[in-house]
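A.B. asks: Sequence:
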Amino acid sequence: MSTEEHHTTLSDLGFHFRAEDLPIINSYTGDWSVVPEGHPANNYWAVDITGKGHPIPGHGSPQQVLEEAVERGWPIAYVAPYGHYVEGKDDGIQLHDWILEGRQKQRQKR
Numbered sequence: 001m002s003t004e005e006h007h008t009t010l011s012d013l014g015f016h017f018r019a020e021d022l023p024i025i026n027s028y029t030g031d032w033s034v035v036p037e038g039h040p041a042n043n044y045w046a047v048d049i050t051g052k053g054h055p056i057p058g059h060g061s062p063q064q065v066l067e068e069a070v071e072r073g074w075p076i077a078y079v080a081p082y083g084h085y086v087e088g089k090d091d092g093i094q095l096h097d098w099i100l101e102g103r104q105k106q107r108q109k110r
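If you're matching positions, the sequence shown starts at 1 in the numbering used here and goes up one per residue.
Just so you know, the hints here were simulated from the structure itself, not pulled from any lab data. A couple of the hints might just be wrong.
As the list claims (entries may be wrong) - Capping the alpha-carbon separation at 20 Å, the derived lysine to aspartate or glutamate pairs in DMTMM-like fashion look like this:
#	residue 1	residue 2
1	109	67
2	105	90
3	89	12
4	52	12
5	52	21
6	109	12
7	105	67
8	89	101
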């Protein structure tokens, strides 16, 4: 897959995450879905590993929201449209739980 195709695929997901979490997200065998369905907000919030959403003032890009959340020391899992979360389309597993479990497995391998 070319870099351009890869980028398009990632940006079509509707949520954003830390680059180092890509292998964790890719290890999921289903599709991720932004919920609730419907028109997502024009601004974003940071969702931490407990599933709590943190609004960021302003209308920053997803990358800016991610960076600010990290600077604030929040244990960030991903960034989604404000008021929305991400879960497995078929099984309902929460992305923040999947990322937390994946990070724990990575730490155990070290």
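A.B. asks: It remains to establish, for every hint, whether it holds in the given structure.
C.D. replies: The hints, checked one at a time:
no.	hint	verdict
1	109 to 67	27 Å, violated
2	105 to 90	23 Å, violated
3	89 to 12	15 Å, holds
4	52 to 12	23 Å, violated
5	52 to 21	18 Å, holds
6	109 to 12	31 Å, violated
7	105 to 67	24 Å, violated
8	89 to 101	18 Å, holds
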